[in-house]
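Engineer: If you want the building blocks of each chain, they are given just below.
Protein chains: 2
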Amino acid sequence: MSPATNALHANFDVDYVITYRFHDTPKAEAATDFQNLMQALARVGLAIEVRNGENCSLLVFVKVVSDERLNNAIYRSRVKDWLHGVRAAQPDRETQNSLTSQPLTEAERYCTVHHMITSPREEGGAGITVKYGRWKNVESIFPLHDHAFNNEWMKKWATMTFIKVEDLDDIRNRFGEKIAYYFAFTQSYFAFLLFPAAFGFSSWVLLGHFSGVYAVVNGLWAVTFVEYWKRQEVDLGVRWGVKGVGAIQEKRREFQHEKEVKDPVTGETVQVFPATKRLGRQLLQLPFAILASLALGTIIATCFGIEIFLSEVYNGPFKSYLVFLPTILLTGLVPTITTILTGIATRLNNYENWETTEAYDSAMTQKIFILNFITSYLPIFLTAFVYLPFGSLIVPYLDIFQLTARPFAENEKQLTTPQAGFVVNPSRLRKQVIYFTVTAQIVNFVMETALPYVQRRVFRKYKEIKTERAAKKGATPNAAANDVPEEAEFLARVRNEAELPVYDVSTDLREMVVQFGYLSLFSVVWPLTPISFLVNDWFELRSDAFKICLEMQRPTPYRADSIGPWLDSLGFLTWMGSIISAALVYMFSNDGLGPDGTPADIKGWALLLTIFFSEHIYLAVRLGVRLAISKIDSPGMQKERAERFMVRKRYFEESFGEDAMELPPPMDREKITRVTLEEEARQSSLKSTGPSDGFWLRQRSWEESAKIGAGLIEKMTPTETKKQQ
Amino acid sequence: MSPATNALHANFDVDYVITYRFHDTPKAEAATDFQNLMQALARVGLAIEVRNGENCSLLVFVKVVSDERLNNAIYRSRVKDWLHGVRAAQPDRETQNSLTSQPLTEAERYCTVHHMITSPREEGGAGITVKYGRWKNVESIFPLHDHAFNNEWMKKWATMTFIKVEDLDDIRNRFGEKIAYYFAFTQSYFAFLLFPAAFGFSSWVLLGHFSGVYAVVNGLWAVTFVEYWKRQEVDLGVRWGVKGVGAIQEKRREFQHEKEVKDPVTGETVQVFPATKRLGRQLLQLPFAILASLALGTIIATCFGIEIFLSEVYNGPFKSYLVFLPTILLTGLVPTITTILTGIATRLNNYENWETTEAYDSAMTQKIFILNFITSYLPIFLTAFVYLPFGSLIVPYLDIFQLTARPFAENEKQLTTPQAGFVVNPSRLRKQVIYFTVTAQIVNFVMETALPYVQRRVFRKYKEIKTERAAKKGATPNAAANDVPEEAEFLARVRNEAELPVYDVSTDLREMVVQFGYLSLFSVVWPLTPISFLVNDWFELRSDAFKICLEMQRPTPYRADSIGPWLDSLGFLTWMGSIISAALVYMFSNDGLGPDGTPADIKGWALLLTIFFSEHIYLAVRLGVRLAISKIDSPGMQKERAERFMVRKRYFEESFGEDAMELPPPMDREKITRVTLEEEARQSSLKSTGPSDGFWLRQRSWEESAKIGAGLIEKMTPTETKKQQ
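Residue numbers (UniProt numbering), protein chains in the order written: chain A, 1 to 725; chain B, 1 to 725.
Check before you lean on any hint, since a few could be wrong.
The list treats identical chains as one, so a pair stands whether inside a single copy or across any two.
[Claimed, not checked] Calculated lysine to aspartate or glutamate pairs in the DMTMM-like style (CA-CA distance at most 20 Å, straight line):
#1 Lys164 with Glu152
#2 Lys262 with Glu122
#3 Lys156 with Asp537
#4 Lys80 with Glu640
#5 Lys631 with Glu355
#6 Lys80 with Glu643
Just so you know, these hints were derived from the structure itself, not from any lab.
Just so you know, these numbers come straight off a predicted model, no measurement behind them.
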């Protein structure tokens with residue numbers, strides 16, 4: 001257990017810190033509640049220390065009381081894995097042997113202890129839930145950062161171009177498979193991006209925009225990447241010993257059962273919520289999707305209309321400032337509406353009452369994906385499929401947006417669309433794609449990494465000042481006031497970490513998936529897109545590491561054998577890509593963005609035929625790529641085969657010994673018949689049950705059968721004619 | 001083992017009959033070869049009797065020498081199943097117990113004995129192969145019919161409307177899972193047909209042909225049926241204990257390895273044929289598919305052209321007879337070409353050098369499916385998408401077929417297309433669909449059932465006469481001449497069975513799949529199609545039972561957990577159906593077959609849009625149906641859950657005993673600290689390794705932690721203002 005020791009030592013052997021916040025609970029009640037918490041924790045074998053935290057909170061430090069206790073818990077979880085098919089071999093019954101042959105990683109240790117704290121009492125845990133039900137005062141449960149490792153990690157990554165699988169192993173050993181899968185995915189994606197980046201650049205130089213060749217290659221690349229990643233996922237699952245953990249589902253504590261029924265087969269009492277009722281509730285997603293589309297669509301379309309009005313129609317003063325108005329409106333409104341819609345989505349998801357955490361997350365991911373799909377891709381859709389083809393028809397109606405510029409206009413003419421000769425701005429589509437794939441990525445990067453860092457600095461400074469002032473006034477005492485000197489530094493660090501937000505890996509994954517979507521759907525508009533993403537992702541990978549180390553609480557390691565429902569989103573985006581890219585190439589490549597800009601002659605049937613072929617070629621290629629990838633051997637598959645083979649071999653040997661598999665001596669039947677003829681006659685008279693005995697006794701050995709056969713062959717061969725005997 | 005005994009008794013306890021034919025082998029060689037056969041059989045523990053067969057053949061009767069031998073083989077195969085995940089629980093090590101708890105079916109017995117005869121020597125079998133390699137003289141290996149059961153079965157089925165799952169169990173117990181799956185599939189299909197039959201009839205009465213409503217309902221039905229069957233397959237797999245046997249693949253004896261490599265992980269020597277090389281060979285399928293399409297397409301298109309020429313253009317004498325010419329040509333040519341193409345397909349498939357029987361069969365099925373697709377559906381495609389829309393353009397060029405009628409024509413005018421006013425015959429499409437879904441089905445039924453029966457009768461009579469005549473002339477003696485009286489009747493029966501063909505279930509399955517294709521693709525043309533199929537399948541099910549009992553050798557039971565690659569064909573046909581039906585409805589429903597017959601105004605974009613929507617709605621519905629079906633509990637899933645639950649429970653109990661799962665007594669830490677304070681002090685001085693010990697010793701029990709916590713809560717609560725202490 002050497003890897004664990006280092007981290008634990010630097011943190012006084014603390015496994016987890018639980019923050020208990022009591023600011024809105026009456027004192028007496030809080031004290032009883034806290035006593036219950038202590039009891040629950042001690043009951044499952046955890047040692048406890050309490051220190052005071054900031055702002056009416058207590059910090060509860062826990063560690064496992066004894067190695068034996070921990071080992072038992074680990075053994076139990078490994079047996080469970082084995083029974084669910086996650087491990088090929090049954091863990092050794094001697095716990096100590098089991099741990100020696102399969103060493104414990106830091107992640108497994110943290111995962112097991114977390115399970116002790118949070119799993120329900122029926123399963124032998126303390127049943128502590130964060131901010132829910134009985135434990136609503138428990139604000140967070142988090143492990144402590146291993147700063148030595150963190151520093152080393154950040155230093156290593158900052159200087160490294162490619163992340164190797166051993167580096168992913170490190171992440172897995174520290175932060176668990178769920179986070180490691182995110183890094184593995186982003187790294188695979190980054191490595192795969194090299195090809196379209198190079199090809200995109202050549203294509204940009206040689207073929208220009210809207211190249212059919214680029215679209216085909218890009219589509220092929222997307223299919224290959226998604227299918228490759230599926231295989232890679234399985235491979236990593238085998239490498240990390242988690243293949244199949246997706247099947248071990250944890251019951252959601254928030255699940256409300258409708259009735260309890262006795263399972264007809266297992267005899268266990270099962271809490272049931274009827275699937276049909278859930279299906280009914282799921283149907284609410286339909287109005288939700290419509291609502292979301294309408295809300296976001298209206299805002300985006302309106303801002304889009306205003307933008308076009310101001311940039312293409314309006315001709316008065318302040319034009320250069322006014323054109324920023326829609327961007328400002330969008331930047332302000334979209335996040336607000338998205339937050340509201342996410343809130344509705346969460347409530348919908350809660351209302352759907354999923355039984356397991358996995359199902360809940362998966363349903364939530366779906367909803368979030370829809371929202372993201374609309375906010376990320378709708379503006380470009382509008383430009384490509386509404387503004388550019390129908391621009392000259394629509395623009396005259398944009399007069400309704402006159403009011404945005406009326407205060408500044410000097411006369412009506414500046415506000416009116418010229419009756420004839422209006423031409424759509426053909427470069428708008430490309431500019432928009434560049435905005436989303438370069439500018440927005442950079443802005444996003446800054447917002448995600450630098451901003452919280454600055455915010456936190458400022459906030460900490462502010463707090464310090466406030467605390468000082470409060471101390472002068474004689475308010476609640478400073479949390480650190482009573483610290484023992486040898487603990488002071490450590491406690492200060494823990495108090496800081498307690499204030500940090502919890503890292504949610506799915507946000508980062510979502511970002512990558514949305515980015516992949518731009519590539520798959522729109523990169524044919526501007527083939528340099530992959531280069532932008534390549535650069536972005538190099539920094540993204542490092543900044544995420546940085547973020548986890550410095551900006552977030554150390555994440556609790558969770559196990560996973562996949563990036564989860566996002567995989568479906570990737571597949572969906574690739575599929576959509578085959579449709580959208582084909583449409584874009586057909587619509588804009590023939591005439592290109594010619595001098596008059598309008599793609600003059602779009603034929604409906606030709607467009608649809610292009611889409612039809614592109615989509616079906618995509619489906620066929622996907623089938624082919626899947627087949628090809630399934631044929632290729634990989635380290636993970638080899639390892640799995642080896643493990644299975646060893647298990648089978650052992651069982652076969654155990655079951656039969658060596659000799660049972662050997663062939664019996666030949667002619668054993670003959671021996672019996674020669675030696676014990678009389679015996680046999682006696683036997684046959686004893687057990688004779690019908691004519692079959694006579695039948696089987698006519699030839700006494702295989703040699704006799706062979707002789708008789710030879711005789712018959714001699715007799716029956718047609719080349720010679722014989723008399724009937 | 002009671003079910004086995006009955007059948008075996010009537011057949012002198014014979015397990016298998018092996019026919020050995022030596023007519024083209026020199027006598028001496030045949031005798032040695034035969035001796036080797038006897039030795040190989042005896043070596044694996046089989047008792048042997050030899051009798052003479054007809055036409056230079058020997059009948060080798062084998063049975064397992066002892067029950068112990070058989071039981072060991074069965075136990076071995078069950079352990080193998082368990083290791084591959086087919087059985088949830090490890091078989092009892094006591095073979096006898098194992099057999100008592102899981103009784104042996106006749107099929108399992110026959111399957112095991114067959115495995116003893118045919119599996120390679122490395123796996124402990126005799127390694128006999130039918131008509132291949134060393135054993136090219138071994139003509140067939142077959143079990144004997146159980147006539148009592150057969151008669152009872154036929155009688156029962158003839159009077160029964162619905163086949164119940166218990167009847168399927170009977171088939172499975174007798175003929176193995178592979179055949180049982182065919183009957184289960186056909187029965188499910190039959191039961192499912194009731195709905196479209198009723199709906200089709202109403203639709204025919206109320207909505208007429210090419211009803212969009214019928215198309216949608218039919219498509220929904222097809223999706224539901226295919227998805228339901230997938231679930232049903234799994235369910236039956238659990239019921240019959242074969243779920244997952246598809247993963248246990250048997251190596252093909254014909255497989256030619258390119259090199260032998262040591263597996264890097266298992267250390268076994270593995271025979272390898274590079275997948276890339278096979279992929280290269282598979283590419284030959286492309287020219288093959290083109291060749292097949294061209295060959296069959298040309299014939300079909302030509303006959304189609306001739307038919308149209310004769311029926312619509314030609315106007316001379318003998319017209320009513322001449323119109324049969326293309327049908328005669330088709331009936332003669334298509335089977336010939338198909339046979340040639342099937343031959344090429346088989347050779348291609350052999351050349352692809354598949355490693356396992358399953359992969360070989362799957363690849364072959366694919367090729368056969370392509371051939372069947374062309375011969376079955378191309379004529380209707382031609383009518384619907386070439387003749388009807390473009391008829392008036394094409395017909396003038398049909399003059400090239402004049403020569404077919406020239407000898408009979410009285411003048412040129414009878415052979416020439418009228419220059420103007422030619423109208424396509426709008427009812428041709430419906431007539432053709434009716435032909436394929438009614439007439440062809442009946443013809444097929446007769447060809448398949450009645451014809452071989454008559455043929456066999458005639459052939460037997462002929463043989464009798466010939467033998468009599470030969471006997472008079474003094475030729476080779478009659479096979480039955482030397483039979484012992486008490487065996488005579490039995491041997492006559494065996495000789496008859498030896499002459500029967502081998503039953504190939506995939507032919508029957510193919511027929512059902514092709515039929516399903518008509519329903520999915522074209523039934524919108526004539527909504528009475530499902531009624532025709534319903535009637536047909538009722539007879540089909542019975543005639544197949546009849547065929548297996550009377551017309552074929554008793555099939556060797558094979559295990560399976562699916563109808564195999566045909567499932568993909570079903571899915572493909574449903575998908576195609578969503579496209580074709582939509583196109584048919586769009587093309588023919590608006591104008592219908594109006595008075596002028598030509599669908600006047602087909603717009604390309606509208607047709608493609610219809611197809612686009614129909615296909616994507618199909619895909620969405622399929623997703624939904626899959627989801628819904630996955631939510632529904634079924635007996636099979638319950639059984640599987642129960643089995644898994646029992647296994648887990650047992651292991652958990654074994655691993656921990658009851659008490660290990662209990663919670664430890666609370667406050668154990670406190671007890672220690674109170675009682676052994678000095679001891680602890682000593683300990684801590686001994687193992688003190690850093691500041692962490694001091695940290696963890698400040699609060700001695702959870703109660704102390706709780707008290708300190710309460711104190712801090714008291715102190716920190718913000719509602720009261722306190723002085724700093």
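Engineer: Confirm or reject each hint.
Structural biologist: Okay, the hints, checked on the actual structure:
no.	hint	result
1	Lys164 with Glu152	within (16 Å within a copy, 68 Å between copies)
2	Lys262 with Glu122	within (17 Å within a copy, 49 Å between copies)
3	Lys156 with Asp537	within (17 Å within a copy, 70 Å between copies)
4	Lys80 with Glu640	both (19 Å within a copy, 18 Å between copies)
5	Lys631 with Glu355	between (37 Å within a copy, 13 Å between copies)
6	Lys80 with Glu643	both (18 Å within a copy, 16 Å between copies)
Of the numbered hints stated above, none is contradicted by the structure.
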